[in-house]
Amino acid sequence: MIEIQNVSLTLDDRPVLRNISLSLSEQRIAIVGSNGSGKSSFARLLNGLRTPTEGSVRVDGLDTRKQARDIRRKVGFVFQNPDNQIVFPIVEEDVAFGLKNLGIPPDTRTEMARDILQRYGLSAHSKHPAHNLSGGQKQLLAIAGVLVMKPDYVVLDEPTTLLDLRNKLRISNAIDALEQAAIVVTHDLDLVKDFDRVLVFENGRVLADDVPNAALNRYVEAMLDA
Amino acid sequence: MLDLYSEGNSRLHTMKPGWKILGLAISGSLLFAVDNILFSIAFLAVTLALFAAAGLPLRRAWAQIRPVIWIFVLIMIAQALFNSWWVGLFVIIRFAVLLMLAGLLTLTTRSSEMIDGIEAGLRPLSRLGLRTRGISLAISLTLRFIPVLASVVREVREAQYARGLERNILALTIPAIVRTLKMSEDISDAIDARGF
Amino acid sequence: MTTKDIVLIALFAALTAALGVIPQITLPMGVPITAQSMGVMLAGAFLGAKRGGLAIILFLALLAVGLPLLAGGRGGLGVFFGASGGFLIGFPVGAFMIGYLFDRYAGRPPLFPSILFMLLGGVGVVYLFGVPWLAVIAELSVWQALAASAAFLPGDVIKAVLASLILREVRKAIPNL
Numbered sequence: 012m013i014e015i016q017n018v019s020l021t022l023d024d025r026p027v028l029r030n031i032s033l034s035l036s037e038q039r040i041a042i043v044g045s046n047g048s049g050k051s052s053f054a055r056l057l058n059g060l061r062t063p064t065e066g067s068v069r070v071d072g073l074d075t076r077k078q079a080r081d082i083r084r085k086v087g088f089v090f091q092n093p094d095n096q097i098v099f100p101i102v103e104e105d106v107a108f109g110l111k112n113l114g115i116p117p118d119t120r121t122e123m124a125r126d127i128l129q130r131y132g133l134s135a136h137s138k139h140p141a142h143n144l145s146g147g148q149k150q151l152l153a154i155a156g157v158l159v160m161k162p163d164y165v166v167l168d169e170p171t172t173l174l175d176l177r178n179k180l181r182i183s184n185a186i187d188a189l190e191q192a193a194i195v196v197t198h199d200l201d202l203v204k205d206f207d208r209v210l211v212f213e214n215g216r217v218l219a220d221d222v223p224n225a226a227l228n229r230y231v232e233a234m235l236d237a
Numbered sequence: 017m018l019d020l021y022s023e024g025n026s027r028l029h030t031m032k033p034g035w036k037i038l039g040l041a042i043s044g045s046l047l048f049a050v051d052n053i054l055f056s057i058a059f060l061a062v063t064l065a066l067f068a069a070a071g072l073p074l075r076r077a078w079a080q081i082r083p084v085i086w087i088f089v090l091i092m093i094a095q096a097l098f099n100s101w102w103v104g105l106f107v108i109i110r111f112a113v114l115l116m117l118a119g120l121l122t123l124t125t126r127s128s129e130m131i132d133g134i135e136a137g138l139r140p141l142s143r144l145g146l147r148t149r150g151i152s153l154a155i156s157l158t159l160r161f162i163p164v165l166a167s168v169v170r171e172v173r174e175a176q177y178a179r180g181l182e183r184n185i186l187a188l189t190i191p192a193i194v195r196t197l198k199m200s201e202d203i204s205d206a207i208d209a210r211g212f
Numbered sequence: 052m053t054t055k056d057i058v059l060i061a062l063f064a065a066l067t068a069a070l071g072v073i074p075q076i077t078l079p080m081g082v083p084i085t086a087q088s089m090g091v092m093l094a095g096a097f098l099g100a101k102r103g104g105l106a107i108i109l110f111l112a113l114l115a116v117g118l119p120l121l122a123g124g125r126g127g128l129g130v131f132f133g134a135s136g137g138f139l140i141g142f143p144v145g146a147f148m149i150g151y152l153f154d155r156y157a158g159r160p161p162l163f164p165s166i167l168f169m170l171l172g173g174v175g176v177v178y179l180f181g182v183p184w185l186a187v188i189a190e191l192s193v194w195q196a197l198a199a200s201a202a203f204l205p206g207d208v209i210k211a212v213l214a215s216l217i218l219r220e221v222r223k224a225i226p227n228l
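Protein chains in written order, with the working numbering: chain A, 12 to 237; chain B, 17 to 212; chain C, 52 to 228.
Only chain A is shown next, with the shape it has when bound in the complex (with noise of 0.2 Å):
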């Protein structure tokens, strides 16, 4: 369970988050909103990259301004942008870092590297430079490269805006097989219609929290009033 008490986040003097306070437990939980209200600043903070000005983040019971780095493990995020995210010249290399990190010796990184690269069908890619993969492929290592780690959550921002129809299936599949609980940013309002829960920011605030439809009403209704 992630519980966001009383948040609050600037960032350059311009206040990005005012006051939001939810728990989190749902296994599939969507967030949508306009460029720029503060959903995506959200997304950071229930991982730790950002920490908040005031209030705070605790998953399962860890505070994400004092552990840090426990919770880094706790919660995978996938960015929108794969080619921001894989950072090892080779396929095989750039999911084998995470695993680096995590002290887990060669010989099992190997072995972990190998089963997610062929549960995301990237087998044959394994030795191949991440440059020459699709954009589909190169979110699809993103991700694997975030699952092969075994968080508990899984947080993805904007995961399909970048890619074309088949690819956004692909990754839609993906996300459906996560055994993990995911909380997806997102634009893509066909991603979301059998999640549990939407939140729809506006503002630096959360305007609704409902099932998919009541929500994705709100949202619509609230883009036609501005």
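In case anyone wonders, no lab produced these hints; they're calculated from the structure. The beta carbon of each residue, even a glycine, is placed where N, CA and C say it ideally should be. Each hint should be verified, as a subset may be incorrect.
[Claimed, not checked] Okay, derived cross-link-like pairs now, DSS-like style, lysine-lysine, Cα gap no bigger than 30 Å in a straight line:
hint: 1; chain 1: B; residue 1: 198; chain 2: A; residue 2: 111
hint: 2; chain 1: B; residue 1: 198; chain 2: A; residue 2: 77
hint: 3; chain 1: A; residue 1: 77; chain 2: A; residue 2: 179
hint: 4; chain 1: A; residue 1: 179; chain 2: B; residue 2: 198
[To be verified] Residues on chain A that point at chain B, a partial pick, calculated with CB under 7 Å:
hint: 5; residue: 60
hint: 6; residue: 64
hint: 7; residue: 83
hint: 8; residue: 88
hint: 9; residue: 90
hint: 10; residue: 94
hint: 11; residue: 100
hint: 12; residue: 131
hint: 13; residue: 137
Fit chains B and C to the known structure of chain A by using the hints.
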């Protein structure tokens, strides 16, 4: 990885990079220590024989010195004017041997092997407080982002082509650098997010 | 050194390599100018002395291990023994010097000092290494080697001006860098 390595399985290919580097260093020192043109000519013959032993055609040896041919001409003219053409020839042969030997090392050694060698060499220094983990990461990141940034430069060039600015260095570099700097934030977040 | 520092060092090393993709411009007398050596000036100016120098050392290390990163696809240890070997060795020192001078102005000197600093580090320091090396390897006197290098001077001055303009525009685009 894109490097200048030339596939092969000769003794030179399989030798540890450290020995090859040592060999190159000794050869270079000898060439300058023994101030004798006959020695340099003999060394040239040995070098060409090494190319043959590595299964490399002689045009690969020639390719090592082709980019500096204009320097050779310059040296020849200067030496002929101020000393003698004999000294010019000597200097050029010594120079050519050095370039060919360095090229031979590059042609018979994979970059990844050399990088592994650098990392292994740095490891003992970690006890002195040097963050070798950071150095390894920096090397990998650079290799990863060279093709990414080359694509960025190419994309910017195409975009500027549409505006007739494809040969304007400012119009090419400014957007490329802005994008590079904007990427840096996400990349370092991504590295931290994976527990570095 | 933070993760962000490591990333910036690696990105500027990669950027210096990527600038080799821009086709070279040939000056009227047949001397080529490549955008690449601007990477040296930009690394120093953007990253400061320490990180800028390290970025260029990293670029050279990858060049030495055999990656064809110089404009025209050249690379390997041979380029360090070649005529321009001393200039390459001077690159990181030049980047460090530019970074040092820019650090005095918190990375934001006015345009004229900026051009002057780029010239001092990117041309003065680099030639300080490059010219004697050329003299040794070609058995020339230092003055003869300097005369031979002078053909590149106009291109280097143009680059110092361009690098200063680039720096100013990029700082405008990303003010809180």
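Point to revise | Hints that the structure is at odds with (numbers, increasing) | key: 3, 6, 12 and 13
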